[in-house]
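Dock the two chains into a complex; use the hints.
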Amino acid sequence: MEEVARRQRSRFNFRASLSIPFFVFMVFFVVVPLFLIVYFSLTDDQGHFYFDNWRLIFTAGDKWKTIGLTFEIAILTTIICILIAYPIAFILSNKKFNKNKILVYFFVLPMWVNFVVRTMALRDMVNEMFENLFNFQLTAKYPVAGTVVGMVYDYLPFAILPLYNQMLKMDKNQIEAAADLGANPFIVFFKVILPMTVPGIISAATMTFMPTMSSYVVAEQMGNGKVSIIGTLIESYVNTIHDKNAASILSLVMLFIIGISLVVEKFFTKKDEDRKVGIW
Amino acid sequence: MKTKRLLMFAIPAMAMGSLVGCAPKYDVKLIIYNWADYIFEGDDENPKTIKAFEQYYKEKTGLVLKVDYRTFATNEIMYTQIKEGSIKPDLICPSDYMIQKMANEGMLQKFSYNEADGKYGESLKNFEDYGSQFIKEKFTSVKLNDNNSLLTYAVPYFWGTMGFTYNPEYFTAEEVGTWECLWNKESKFSNQFSLKDSMRDTYVTGIFHIYKDEIAALDENDPEYNAKLTAIFNRCDSETIKKVGDALIEAKKSTVNKFEVDAGKEDIVKGVYSANLAWSGDAIFAMDSAEELKKPARLNYALPKEGSNVWFDGWSIPKNGNKELAEEFVNFVCDPENAALIMDSVGYTSPIVGDAMWELVNDWYAAEEDEEDTYEVDLSFYFGEVEGGATISIPTSERGRQFDAQYPTEEVLKKCCMMNDFGSQQKEVGEMWARVKSA
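Residue numbers (the working numbering), protein chains in the order written: chain C, 1 to 280; chain A, 1 to 439.
These are computed hints drawn from the structure, not numbers from a lab.
Keep in mind that a hint or two might mislead.
Covered, in the sense of this in silico footprint (three residues per stretch, anywhere, with C-beta under 8 Å from a C-beta of chain C), are these stretches of chain A [what the hints assert, rightly or not]: (1) 193 to 207; (2) 246 to 258; (3) 430 to 436.
Given the structure is predicted, the values throughout are model-derived calculations rather than measurements.
Note that the Cβ used here is the ideal one computed from N, Cα and C, for glycine as well.
Pulled out of the complex, with its shape left as it was, chain A reads as follows (with noise of 0.2 Å):
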């Protein structure tokens, strides 16, 4: 009887330790913090990047890697966690306003860039070698409190505008190609609107609205034009505060119809409202799904006349986390080939550039030879020298549509400003916000 019960005990304890046992055995670990759905998770061809990167570290070094990869849904969530240590990552992909502002609380490490000639070392050698000299420099117009740039701590994975995708049947480009769309008193603009339930990206509306004078005046070629746009993009004074409140309010009285950050992209589709605020991934899902609903068939995605957001997530290694493996995996992914891969099922747009980002982008997008109405996009300005030249010609029937969501000319990023961090002003934004949500 004993040994009977002894042997219940000792079966399960064995087969747990044999299990135990057979793990994997690694002699690295590497813990990336990554958004959802965010890399390319392998098809028939091509093994996932995380299986393809641990086999690229093997052969390189000889060493077994075991890359743990976890995901988050925002920015404030993996912040708070990681403040409070919750998780221990190597590294994370937060966007441009939170790597802002963890450097600045002295929560990231630097990566091997050198900042007087804007270089990065040879561990990111690809990155130097194919990253987009227009994000580059983007990115380095943004100074920290330590008078470092933004690549400092940051390498670009994916990059966005934020704009409305809506029903062409319903609205003409025209009209929501401003954000006075927001503010119209006609009835046909009535509950038409959705906007996100997060209040610095539905902050920026109430911005372009009080400030849309100021605007207006300023000269567009002025070499100055974005940083000045810019400075009034962030403005978060009291009154500043105060009027994007009362404007809000205003709007959501008459315009919007919803406040959502999920729900939105599917809305559109099923027709629920005629025009979302959504960030350019998200518009290319929308407008993708409903072609493939044909339902309403088509829809658009038009940026605002007056300027908008251009967003980045940026890869960062977290103080502590492990520097050398952590650059290793931001090498790898910035090689064109892979970056090629994860930009196809992400959807997002990749900073890399190079011949095979090229030859992806014209197999989406380009126009057939026989194609006879079509329109000519410069894009050297982004891919810079490539086979063939950077010029595309798309057809014009899909003007306003996934390419242009996706590469945005010269001219419309002009008016593109980067967010920053409310900083002390947080908490007075808040409260302005509760305010809008119960008025």
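With the rest of the complex left out, here is chain C (with noise of 0.2 Å):
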């Protein structure tokens, strides 16, 4: 007996320290940081506390305003890519275009380019357009919405692909039965198809709305240095202006915003789940 409950206790202590790397990668990697990050936030370039610093950056206009300007373009963005991925997936998940899958892989291949190099080309390529329609540069004239239109190329595919495969699991009884009882394409999309998305549309949105809040490279390449988001403006603070203090407080800023939008991610989808609107 006391043989038994000894190799069960060992067993025990070696899956758990299957764990152990994984715990310290952790603590290296994401607890540790995090606590420079707000030690420097509360410190100034000498190492002494000071708390000036956040009442410099939220007493600043410029700051309110980069902070508003990045959620504009996030919304912006993350709405446009609904609009753009909700008809495509549905395409997508149509068998009868999107035989084994290949149109899928088409639309997901872009990511295999390098990203900076994808958004540069991108720029090239609009701006040349733009010379030619209009007789001006889209990135150099309208920054802000050069940065829209990067971030939706590049954060498309993320949008397409959770909105894929939700549709993939719609009940398509359902749709016929509500087609077969009279009821017209606009009714059948607006009170069976879109309702069982509706999982789907959110955690596309939470997918193309964290990157987009963070992201820095595309409002660099596509808003030619003029466009200050958060991302840049961290960018600027630890490159230009040397002040690694200033650009952990916009980073915990930054991190507060994507935390929230997780917690009302989390809150929508409880909802979901308590009305029971899914199918399965």
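Encoded structure:
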């Protein structure tokens, strides 16, 4: 008996020990850096405690403007992405058009190319096009619009995939039943298809909203260095202004916003489950 | 079985051991921390500067020297690394304002330089003999907190100016020959310029705009002209910072196409915009590559008439660096033969003069004997006494091009000022820069 108990105990210990690398990784690459950021945000460049940075950052109007612009760009990108991704995902989920899922691969394919290279190529292409058609460069004249175009292009696959997955799971019988019972296509869409895809829409929205909030390369490249969103502001505080303390505060702000958006997502998905909108 | 496993470990271990054993032994080591692409890398005829120096050192002292050569991307990154002790070089090559900052913070050692008679010791004989008098005067004019001049802490390595690389088919030399072009409201100027995404450099353009009347009122024949201009150039009181910020926001909304630090020299060749705020070495690079690609075939370089910045990169020895060895290396690269090789591959302007240098410059730029349409440039202020006199004739078609970018005349240089560190105003300028970027 004792033998068995000991063996069980030792096996338990062995299993637990498997999580040690993960635990160490989390401590060194997540927890410690996070504490460093908090520490830097509360000190000045000499390492003395200094709380004025917080006051300075939030009394300067330009910081609020930057945070506001980041929100605007992120929300606009999310909405446009979903509006484009929804019909695409719908077509892709239809087996008639998308045999063997080849078309899905086409939409994922651009993600195999390096992100920066892809964005630069898009910038040159868009500018060339606008130069020929309207005689100005989009990213120079309307850098914010350029940034949104770049973000939509780069994050579209993140919106398509969750929607596509959700639509594959849709119960086709319900759609047919609704049509058989006399609902016109509009009613079928709004009363049957749309409710069934809500979880997909929510996860597509978070998948695009979060990376656009923290994005930096796209705004830098597609905004010609003239667009200030939280990501680029942190970059200029680190590389141009050399104030890692202010950069830390902004990082915490960004973290906070992303945390909030996660909570919001949880809230929505919970509600859906409670109301049992889903059909599985 | 056991022996086999032992062998599996033993063989690689032995191999590694022998590798370590084979590594070249050395008696002394010199760590150099320099800008990227800032030294001669060797060609068919000549070994790279680093190898040549190791050879030279062995012949001179009989000791085996190992040079550990590393490169950095910006002054500020280098400064942070040295301050935090993550790299401990014996020799570094920062820009003027950074040398000033580091010296004032006590991070640098003095060179063998006598402040009283302005002479370098025997260990830096080459710079004493071949360093351009003009450059030495520029450096002695900058006084540090301990009342020593910049020459005490730095030996100049390369220098240049800041102006516009532009497409002469789009802009005339007059149009970009003034900083006011950045505030020109005509539609021709709209979104045609790039500025530096570096606040120290772009700040300067704002200064020349907001104080244009004061600068225009200065008397150019006043012997104190440059000193007075430099005082305006380096102003950074709160009111100035605010005004510069407003001016930059205004420019950003009309003429500025892009803020960049390294994409500009390629963008201007591609024709993304028509004028690029550039350092002279980058301008020469862009002009050369435009010629090669024939797209747009010709680019020119213009220094605005109000004045501009003249910058220097100099060798400095951090505290705890091996001073004797570092001076030996600096003296070696100040030898005109070596300096000519380096300048040939780097493209910036070397402060070293002498016959070898003069020959190189003539070789590059002087007009052919039968060329009729030429203009004469007197560089005696810079080269001093050289064989056949320091006057060079340049084909007129080359006006405003590589030669003018590399060797500005005395007239032009009189209007070029050296940058100071922002000092305690750094944070305020940083906030201004964040405001400009978010406007």
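Structure-based check of each hint:
Chain C is given as covering the region 193 to 207 of chain A, and this holds because 3 residues of the stretch bring a CB closer than 8 Å to a CB of that chain, at least three being needed. Coverage of the region 246 to 258 of chain A by chain C holds in this model, with 4 residues showing a Cβ closer than 8 Å to a Cβ of that chain against a need of three. With 5 residues having a Cβ less than 8 Å from any Cβ of chain C, the region 430 to 436 of chain A passes the three-residue criterion, so the hint holds.
In this structure, every one of the numbered hints holds.
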